[in-house]
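There are 6 protein chains.
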Amino acid sequence: MFSHNKRLQYTVHVSMPNPGLANLMLEQFGGPQGELAAACRYFTQAIAEDDPGRKDMLFDIATEELSHLEVIGNLVCMLNKGAKGRLAEGVDEQGEMYRSITGAGNDSHLTQVLYGGGAPLVNSAGVPWTAAYVDTIGEPTADLRSNIAAEARAKIVYERLINLTEDPGVKDALTFLMTREVAHQKSFEKALYSIEPNFPPGKLPGDPRFTSVYFRMSKGEADLKGPWNEGPDWDFVPMTQDSGPVDGRTGWASVELPEGDAEVLRAMATRTQSRTDIDPTTGAELGAGVTPPPAATKK
Amino acid sequence: MFSHNKRLQYTVHVSMPNPGLANLMLEQFGGPQGELAAACRYFTQAIAEDDPGRKDMLFDIATEELSHLEVIGNLVCMLNKGAKGRLAEGVDEQGEMYRSITGAGNDSHLTQVLYGGGAPLVNSAGVPWTAAYVDTIGEPTADLRSNIAAEARAKIVYERLINLTEDPGVKDALTFLMTREVAHQKSFEKALYSIEPNFPPGKLPGDPRFTSVYFRMSKGEADLKGPWNEGPDWDFVPMTQDSGPVDGRTGWASVELPEGDAEVLRAMATRTQSRTDIDPTTGAELGAGVTPPPAATKK
Amino acid sequence: MFSHNKRLQYTVHVSMPNPGLANLMLEQFGGPQGELAAACRYFTQAIAEDDPGRKDMLFDIATEELSHLEVIGNLVCMLNKGAKGRLAEGVDEQGEMYRSITGAGNDSHLTQVLYGGGAPLVNSAGVPWTAAYVDTIGEPTADLRSNIAAEARAKIVYERLINLTEDPGVKDALTFLMTREVAHQKSFEKALYSIEPNFPPGKLPGDPRFTSVYFRMSKGEADLKGPWNEGPDWDFVPMTQDSGPVDGRTGWASVELPEGDAEVLRAMATRTQSRTDIDPTTGAELGAGVTPPPAATKK
Amino acid sequence: MFSHNKRLQYTVHVSMPNPGLANLMLEQFGGPQGELAAACRYFTQAIAEDDPGRKDMLFDIATEELSHLEVIGNLVCMLNKGAKGRLAEGVDEQGEMYRSITGAGNDSHLTQVLYGGGAPLVNSAGVPWTAAYVDTIGEPTADLRSNIAAEARAKIVYERLINLTEDPGVKDALTFLMTREVAHQKSFEKALYSIEPNFPPGKLPGDPRFTSVYFRMSKGEADLKGPWNEGPDWDFVPMTQDSGPVDGRTGWASVELPEGDAEVLRAMATRTQSRTDIDPTTGAELGAGVTPPPAATKK
Amino acid sequence: MFSHNKRLQYTVHVSMPNPGLANLMLEQFGGPQGELAAACRYFTQAIAEDDPGRKDMLFDIATEELSHLEVIGNLVCMLNKGAKGRLAEGVDEQGEMYRSITGAGNDSHLTQVLYGGGAPLVNSAGVPWTAAYVDTIGEPTADLRSNIAAEARAKIVYERLINLTEDPGVKDALTFLMTREVAHQKSFEKALYSIEPNFPPGKLPGDPRFTSVYFRMSKGEADLKGPWNEGPDWDFVPMTQDSGPVDGRTGWASVELPEGDAEVLRAMATRTQSRTDIDPTTGAELGAGVTPPPAATKK
Amino acid sequence: MFSHNKRLQYTVHVSMPNPGLANLMLEQFGGPQGELAAACRYFTQAIAEDDPGRKDMLFDIATEELSHLEVIGNLVCMLNKGAKGRLAEGVDEQGEMYRSITGAGNDSHLTQVLYGGGAPLVNSAGVPWTAAYVDTIGEPTADLRSNIAAEARAKIVYERLINLTEDPGVKDALTFLMTREVAHQKSFEKALYSIEPNFPPGKLPGDPRFTSVYFRMSKGEADLKGPWNEGPDWDFVPMTQDSGPVDGRTGWASVELPEGDAEVLRAMATRTQSRTDIDPTTGAELGAGVTPPPAATKK
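Residue numbers (this note's numbering), protein chains in the order written: chain A, 1 to 299; chain B, 1 to 299; chain C, 1 to 299; chain D, 1 to 299; chain E, 1 to 299; chain F, 1 to 299.
Here chain A stands alone, though its shape is the one from the complex:
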């Protein structure tokens, strides 16, 4: 069960309203790398988790991310103050309002016209948040890696927002939020490596013929190598357009069809076959004003 205190986890002070900046902040409110995504990610993992220690950690971090969602949401609302009232109350002077919400770019017009200057769960382009952003699959050796990556991404987006802001209070709150992503990443790393072994993830072993092969599929000016494809663990296998299938068989797909299916497929093939022995007049020729030949010519 959740409980709430109206005081924020971190104090927010904004020097001046700025709807364009508010709009950029939405990236970490309703964007793919934002706090709703983080909270939903860890909360749903926590519910489904059976390991007591991990469940505990996931609930701790999920609850903190909800508290961060509140901090970033308050940044958005403070930056939108004033603008919100002017549109609602119809205070305008000679088209100033139209110019201010369209000139600022940044889709702040959407925040104002559709969402009334609030904190909608959209990214900075106005795309609604979707659970398609949450990549949890219910296996800890995969999900913890997903969490590590998610924290790394969120850290970077905060870094970019900090680089775009000159307001010291905004910078300060963003720095706190960014820092916590670092701490969370550290926790998830510890949780991953305390599962032994955790690689390969899951249970089934790979086919030993292919676990240490690096296929060179793309050709460049030079054959660049690095630890990802050379060294004792790697078998470097150049592939070209002419390479056969790696299993040494035909490389064709096949299926054993039950009686009756073959027949109906032949009927379909006949009905829909493309004749290669004619050169039909087409819509493109009609459309280009080309006179159709007196009869379709054989090749």
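Heads up, a few of these hints could be off.
Because identical chains share one entry, a pair is satisfied inside a single copy or across any pair of copies.
What the hints assert, rightly or not - Derived pair list, reagent style EDC-like, types lysine to aspartate or glutamate, alpha-carbon separation capped at 16 Å: (1) Lys203 - Glu96; (2) Lys225 - Asp235; (3) Lys6 - Asp50.
No lab work stands behind these hints: they were computed from the structure.
Starting from the structure of chain A, add chains B, C, D, E and F where the hints point.
Structure of chains B, C, D, E and F alone, referenced to chain A:
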């Protein structure tokens, strides 16, 4: 530039058509952890990458994932053979076709009715693939972690599909695809750790007050601890509903409003205020058939 | 700031795992009328709200909805117990696992194969939750009506789930959740009607010529009337296909074009005009095997 | 069956093309509170409705909303006139076209480049319309409340657009459309309250222990009260992080597992357990360049 | 302006309710090839169209498609009759209702639980309709081709539904709807070819070096040819993995960087470079329990 | 199997970075008419195709579209050079960075803040690519028409982008890409017309009563006619709001209800009926401050 050979990277042989199983296979064709997601992820990273070694590796793996997309797509098509023809040619006996596509569950009806027994870019529930699945943000210390996690997830979904299949040819091809995810994860790990340092990701340092703090936000029966919240690097800080903000200030959000904004906000507040000194009759009371009191009662 | 206690707001006891039923329960976890939608709706309103009483109420109810999300999520996880382990550990006997997840219909295959038997934020058809479900626009006289309606919808979906369940513990928890929607609706009704006046919503008055008109646009067997179109407040205006525009002007759309625009539009019109004085041979005729006439006939 | 007259329900006259304003108008064409959403909402309800009076009303209003969709669409097209032709005919002078569609902000570049200056079914940020906006659930005591709320929201968005426009013809048409939302809301209110009783919606009664309880879940500076949580009908129950479950039982989730399931879950738990007795070296430490200790230290 | 008559364009008579079949019918109600897509497609084109004849035709067909949407919606509602009432009124006997909506597969559970047995704007898998299905771009020589293709697709989906149905009344109504798609395709073909010329679409000519080249990018067992790549109009150019760029230049992408940009890019490259001269220990090795080497080995 | 060469199919040279223009280019990278859509469309058709000639052609063109995706992606990356580095490295002078990404409009802020100046699979408004853009249904007489239309649309969007660009290298590469759409359209036209017959698409004949009827559903100032509704093949049938159903029957929808269903529907009707004999007080009246009448008045 891409080129293509119609022979598959790995030979596909299916023992018997099975549209229900075909439908499950779509998870790795057009699902969030599937091969289109992988190919798009690495291809777009490769284009934007400037480091020659990583660019090379990303193109290699992107090209291989496209080739895997072709393998899994051929599995889908082989499993749908026959069913595809029967619906197209209208071959039916006493409602058998309706029963077969609805009884099989698994949304195979969608594959048949809407997509004609082909290999659509949807997941196994029929949800169209979306680029919202791709979490690339353009910073290698984050994107490589995302790639590691994506390979781990894909490995697990293949593992589940293998557990659901008895057809030896399907199991064989799926095992190849699963194995390659393991190899790719290894390459991405090497690429990540050959950037030194890579943690914290990005450039800005965190606020040292908060990088090693673990906030206990959720209360349980016991105070479970593990390497993710105890040890020399961690400062374990219990938080309760009554804890103040972690920055020691007020915990309230504030903004310095320019002249004029305060006034319009007051007007809006007045117009929309909720009176707490009345007990108004509501639509719920009307709807419940409760007789409205003669006048709104003061409390 | 949020805090959490691992004990649920309401105790959940399930008699027997049932992945098919778990899947239906997802409707109130990640579906449009579910608890995530409710929590997000009220939480974002709470952040943006300036009226102290409403802000307080919105935070109370948002926090409770998060706690309900946890209750329904636990129902899902309990109903999926066992199934989750069997697929992860690859425990199967002669294809039983495939039959169980496809025969059950209800998209439980998605919950298992993609989400590993957890509690994903999707509806019962596997559609990911989207913030497009949240209709908050930042004006209390509209948002409170939206909240009232949302509670009414959620109440009904719980009612349907209760009707589909025989497990007494599941019925019990669902009944609690359903009941709370009734209580929340009552609170929102009180909050709406304590704004005086609250109708029409917003600030601008309507055009008095059209506020009390009912346009009869659809013709039926009889002219059915009711309080929604007859009585002292209504002006019943029958409209037919031949009725002119209700403003008494031309009913045509027009714009005053600046110099130059008219010219370029004429050029475009000329380039793309459809000639009505010819009967061109078309692709359909080619495709039907109709011999094109010797020359396009004039009419 | 529908029929159509090319004259609009309300005459549209625009003083001057303005693609930026056209783009804002899209909010009521293909946005969540726009006319397509309204028309689809009432049309689908009308089809499924069995009560003759409501069915009649729903068809009337659905048909009118379609006619409004046409009015707002014509506003968009008139405001885009000229711009449409210039891009299609490639009329440009020294990059003026690029500047005009990017400087105007407001995503008008999307309307021009992708949609050719037409009236696409997207909102003002370019997000395609989705039926996820339609919240109909097929129970009149809920759907009529949803309709009332939808009309209130649409009224407000029109009000904001009117506040942003100085063109008298645009203001005039928008005022007509806004006014009709008021009239429709009145009709839906009458239709709701002519169902007796209509509260609580649906058929199942709530659990009397919880229908009149207000849970105080969020703590603030003061205990704010209003008619939504105090008065004779309310039982005000403060909840804190330490409150037990409201049903007086344990607050834990449980399920009775069939034979065999417990065993497989134990196997999964063992495979994936997080050890809390070690402090493993992690990827973060590798990435930060921290020398791994000679052996994993016990705590 | 639209007007409506409650009588359908085509009479619907259903022999027996069948929620599973109702669910399949949704494909043509809220699916990508369905009637809402058709109506929206032609209606939005009609509004933006300036050519009087095409505008007229588009409004005629848009209005008819709306009338078809009503026909297919009534098919859905008739097939859901009874089921709708049983869930709403809670009429159940020993779990029969649960079995009926889950055993039927086909996502009819979604239609019942979420949509109450109505006619929701989703496809047969429950995916909400999206305007992303509408491919109008505002140029008649493209849009008319899109319309022709859309009619062809809709015709086929109707054909599949007819093949799945044994109810004579359902077959009869579907056949009418299918037939009209044929007629509409004919009209759109005539409209396309009455624009002269209409190929290539639009205004800009192609680069004559590349308009008649066929690039053979994919290698197979034989060099299959047909009228699409051989004949007097085609220049057949085999391409292999080793072919250079078709413009005869370098095939590399380049940009002239302004002063300062080069410097910052070098800084970024240095910070994020992957070293190829080391073989770092990775998370995968830690996770696999491989002892890290005493020091990172040079190659 | 795919293979790759890092040299592009067409050389890209950009004169100067321009993030705003980069953003517009995204339309053909991750937009609905862009190259990913094209590649996915033809690749999935190729996999499912059984006709050897068409399969061959589809793989050729799919592979070329992938190569085009790479060309347009490189245009985006070259145009973003510099901007990418400045944000990543935090190089800013007095807020210049904020102004540059918000003043440019065009959602380039999204490309920078969320995607780090890379080439994300979104359209120019930031909407993620979705497989809902791919309209393949698995019947060649429909899919080839869809392909023809898709090529026409892509050609036009390229034309618009060319009209918006002054950079000669960008114009040059775009012209190549545009030209290839023309060539592909020609191939698909040949492939369609080499299926004989191909009209009507599919197998089932239409109902001869309705294949040549044109219904006039929309009334205008004049009865405009053209080859799409007049001539020997057309039967022009005016329809008005008063026209009966075209099948000459009742125009009503009906279903034969099994025993029991009728009863439960009557119960539902009674519970939810709207009374037309009262004029109930409503929430709107309460909200407007209208004093409710002493008792609900009968009409």
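Original post:
What are the numbers of the hints the structure violates, in ascending order?
Top reply: 1
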